[in-house]
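Student: Residue-level listing of the chains:
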Amino acid sequence: MMSDMEQPLLRVSNLGVNFRLEGGAVFEAVKGISFEVPKNATVALVGESGSGKSVSAMAVMRLLPKESAIVAPASEIFFEGSNLLKLSDEGIRAIRGKDISVIFQEPMSSLNPVFTVGDQIAEILCLHMGMSRAQAWRRAEELMYEVGIPDPRLRIKSFPHELSGGQQQRVMIAIAIACNPKLLIADEPTTALDVTIQKQILDLLAGLQERHRMSVLFITHDLAVVGEIAEHVVVMQEGEIKEQGTARQIFEAPRHAYTQALLSCRPNVNERPMRLAVIEDFLGAEGAVPIKLEQRRRGYRDDDEIVLEVRNLSKHFRLKDGIFKSRDIPAVKDASFKLARGKTLGLVGESGSGKTTVGLTLMRLHASSGGEVLFDGVDLLKLSEQDFMKYKRRIQIVFQNPYASLNPRFTVGQILIEPMTIHKLAASNQEAVDLAMALLGRVGLPEEAFYKYPHEFSGGQRQRIAIARCLTMKPDVLICDESVSALDVSVQAQVLNLLQDLQDEYRMSYIFISHDLAVVKYISDQVMVMSDGDVIEVANSDDIYLNPQQEYTRKLLGSIPRGWQNQAPG
Amino acid sequence: MSAVISQTIAASPRQRQSPGLWTLAWRRLKRDKVGMVSLVVVAFFLALMIASYLGIVAGNWSKEVGVSYAHPAFMAGEENFEAAQMGLSSSAADVPYADLSSVDPLAPRYREWEERTAKIMVTEAPRAETLLLGGDKWGRDVLQKAVKGAETSIFVGLTAALLATIFGTVLGGLSGYMGGRVGDVLEWFYNVFTSIPYILLILSFAAVLRQGLDTIIFILACTGWTGIYRLVRAEYIKHASREYVKAAQAIGATHQRRMFVHILPNVSHVSLVQLSQHVVQFIKAEVILSFLGLGVPVDAVSWGTMLAEAQTELVIGKWWQLAAAGVSMAILVTAFSMLTDSLRDALDPKMK
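Going line by line, the protein sequences match chains F and R.
Each residue of the first sequence is one higher than the one before, counting from 1 in the working numbering.
Each residue of the second sequence is one higher than the one before, counting from 1001 in the working numbering.
No lab work stands behind these hints, which were simulated from the structure alone.
It is possible that part of the hints are untrue.
To be verified - Distance ranges between label pairs, derived from CB positions:
#	chain 1	residue 1	chain 2	residue 2	range
1	F	Arg327	R	Phe1260	34 to 40 Å
2	R	Phe1260	F	Ser68	33 to 39 Å
3	R	Phe1260	F	Met389	15 to 21 Å
4	F	Gln386	R	Ile1199	49 to 55 Å
5	F	Glu448	R	Ile1199	54 to 60 Å
6	F	Thr196	R	Phe1260	43 to 49 Å
7	R	Lys1284	F	Arg327	48 to 54 Å
8	F	Thr246	R	Pro1019	29 to 35 Å
9	F	Ser68	R	Thr1312	55 to 61 Å
Said to hold, decoys possible - Partial pick of chain F residues on the chain R-facing surface, computed with a CB cut under 8 Å:
#	residue
10	Leu365
11	Glu418
12	Tyr451
Small disclaimer: the values here were computed from a predicted structure and weren't measured.
Note that CB positions come from ideal geometry on N, CA and C, so glycine has one too.
Start from the sequences and build out the full structure, keeping to the hints where you can.
Tutor: Listed below in C-alpha cells is the structure:
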C-alpha cells in the first residue's frame, strides 16, 4: 500500500455516488471506494465503461450533475487536509482550475468554438492569478510553447476548429497547467487520438509532471498506456475497486482475477493465440487462468483463391473554396491490393490516411475517381446501380460507431429483417424471423433482444447486432471499418473472437481497417499501411512487424505503447 | 458461405415488446399534470366539434329564438331597450292611411284587407326574453353560435394544419435529403413564399378565390407550410449524414426507403409538435379572416364573425357575444398551446 511519511495529496475515503433515474429508480455508480494520490506521483485509474472511474474523478471536482447525482453522505474527499465535499460553492470554485484541474477526453467539445485559444488560456489566468489581459496573453504564449504547439505567436489567435486533434489537446493541457495545479486529473485524454500523437501527448504529460512536480490522476481503459506512465494503479469494475498497488505489483503479480483478465485481453504484439482471452475466462468458478492456446499462423499462401482484387483505386474530394474556385483533396491516391478467400487484410494508418475512404469506395458508398475493383471477374465500379444490387449483399460493412450505425427507432428485429426484405432472401415472414433469431444466437445475444431497441444495449452488443445484420445477407467480404476501436479492451476481445469464429465457419474474407496496430497484427493475414492517401507497404503481417521496410512503418510500430515490459529489467 | 443457419425455433418467442418512442412519450405525458388537463380540454372541444357537425348540438343556431339583443340569463332583470323598440315598431301601428286613390288603383281595398288579415291568427312562437348566454341582434342564441363557431374554426385549423404539415414535411424531407439541384429549387420556392408578407399573401389569395370554407383551408395551408419545411429540412440534413443512413445504403435501401422508412420516424416528433402549434396558429388566422369578412360565407358562423358583430354591439353596451366568443377561443388556444409544450417535453429526444 502507499504508506508515505507525508500526507497524501488527495485521499478519497468511502466515496459513493448514486444517480437518480426516471421513474424513481436509483443507479449505484460508485459503491464506496477509497484510494490515495500521493504528492508528485502519477496514479492510473483503470476500468472499462461503466466502472465508475470518470464519475469518481468528477466527484473530486464536484462536477457531477446536481439534478441527478447523489453523493453518499459517508463519502470524504480530503485534498491537502480539507474535505472538498464540505466546501461552499465559492470554496470549490477557488480550487477548480487553480489547485486541481481537469483535461477531458474530447478536446473539440471541451474548447469553446467561438473564442480563440488565446482567450481561453488567458481566461483562467485572469480568473485565478489576477493578471491583466496583456499579461495573461503573454503568459498564454509561453504556455503554448511549453506544451509544444509550433508557432505559438500565430496560433494563439486561432480558433479551436483550425487546430488538429492533437493540438487541441495540447491547448487543453496548457489551460490545465496554467495556474500550476497540484493535481491534474486527465480523463482519457488520449483515447480519441492517433497512436503517434498519443505517444507525444503522454511524453508531454510525463515531462510536465516532472517539471512542475504535480500529481496526475490518469483515467484510462488501456493498460498498455498505464504501464508506461503510472507509478500506482487502481483497478475498478462496476463501481468497486478490485485491486490497487504499485505498477510493478499490478503488472508482474496481479492478485485479483479481474486484473489478470484485463492484462490478458489485449492482443499482444508478440503472440497470436487461437482465441483471445476474455473476462469470463478469468472470472469463472475456479478463477483458473486459461491454458496457453496454440499460436495461429497467418499469412497469404501462394495457392489462395483471390476473391477481391483492387487496382489503382483513387478517390478525390472537391471542396468549395470561395464562390468560383474549388479545392481538390486526394483522399486515396493509388491503392492496389488483393484479398484472399477466408483471410483477413488489415488496413492500418492514422486519421486522414484514407483507409476508411478505401473501404467506403469499395462498396460504392462513395463514388470513386478511378481504378477497378474486380469481384468474381466483374468490375464493380463500372456496374449500373441496378446491376450492382446483386453484388451489394456480397460485400458488407460494419461501421465504427456502434451508437450511430443502428436506427434508434427500429427494434433489433426490424433491423435484422430489413436486409432480407430488400434482397428477398426469405420466403415468408416467419422464415425471416427464424433466421434473425438464429443469428442473434450465433452472435451471442438472447432471443429477447429481438424486441428491444438499440439504446438498451451496450456498445459491444450493438456491434454484434451490426454484425448479425451483415450476416443475414451471407456476404463473401466483410469490411470492418474500425469496428472495435470504440469498444473496451475486454469487449473488443469478445468481438474479435466472434469475428474469427465466423471467419472459420463461413470462410468470409475480412478487410479490417484500424489504427490499432496490435489488434491488426492479431487478426490480419496481410497488412497494408497507408499514409496521406498513399499505400506505404503491403506484406504478410508477421513480416511487416518483424521486418518493416519503410520508414513510416517503423515510426508507426515504434509508437505502440509497450506497456510495462518497457521498464522491466533484462 | 455455407447455409448453416436454418434452424427453426420451435416455440414462438415471448412477445416482450419493448416500449417504443410513443409509448414512452405517452407515459411521460401522463405524469405531466398541466399536459393532461390541457389534453382533456382539447379533447372536450374536439368532441364538441364532432357533435356539432353531426347536428347533435347547436343544430338550430340560426333560428331567431330570442328577442333582439336578449340578455343573458344572469342579467334577467335588466331592461332591454332595443327589444322594446323592435317590439313597438313591429306591431301593427295605428297610423292613418294616406289616401292614394288617385295614383294607386288598389288603394280603396287596403282597409278591407287589413281587417281580413287581422282576423287570421298568426302563431308566432313567443320570443324568449333571456337566453343562457344572451342573444345577438337577430335574437340568435349566442351559446349555440359559439359552439357552431368552435366547430368551424377548429375544423379549419385542424385540416389546414394537417395539410400544411404533410406538405412541409414532404418538401422538407426532399430538400434536406437530396440537396443539390432539388434542394436549390425548393429553397427558391420557400424564399418566394416567405419574402411576401404573410397577411398580404393571405388577403390576395382570399380576394381572388371564391369565398368558402375550403378556400380558407387552402389559403392557410399554402401559406403556413414554410415554418414546418424549414425545421424538417434541417432535421433531414442532420440525419442524412448519420451512420445509420449510410448503413441502410450499404444494405441496399433505395432513396425513398431511406427517406421515409429510416429517417422519417426519427423526425416525426418534430412534425407532430409543429402540427399542434400550427393548429393554434390557423385557428387564430381563421378568426382574423372571418373578422375581416374574408373568411366563412355569410350563412355560416365562426368566432370571427361573432367578433365582427360584437364591434357594433359593444357600442350599445351588449358585451355577451364578444365574451362568449373571446372566452371560448381563449380557453381552446391556451389549452392547445400548453398541450404543445407538454408534447414537446414528452417527446424530448434527449432520452435517446
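Student: Each hint: holds or not?
Tutor: Structure-based check of each hint:
1. F:Arg327 to R:Phe1260: 34 to 40 Å: holds (35 Å)
2. R:Phe1260 to F:Ser68: 33 to 39 Å: holds (36 Å)
3. R:Phe1260 to F:Met389: 15 to 21 Å: holds (19 Å)
4. F:Gln386 to R:Ile1199: 49 to 55 Å: holds (50 Å)
5. F:Glu448 to R:Ile1199: 54 to 60 Å: Holds, since Glu448 of chain F and Ile1199 of chain R (Cβ atoms, about 57 Å apart) stay within the stated range.
6. F:Thr196 to R:Phe1260: 43 to 49 Å: holds (44 Å)
7. R:Lys1284 to F:Arg327: 48 to 54 Å: holds (50 Å)
8. F:Thr246 to R:Pro1019: 29 to 35 Å: The hinted range 29 to 35 Å is violated for Thr246 of chain F and Pro1019 of chain R, with Cβ atoms some 49 Å apart.
9. F:Ser68 to R:Thr1312: 55 to 61 Å: holds (59 Å)
10. Leu365: For Leu365 of chain F, the interface hint holds, since the closest Cβ of chain R sits about 6 Å away, which is under 8 Å.
11. Glu418: holds (7 Å)
12. Tyr451: holds (5 Å)
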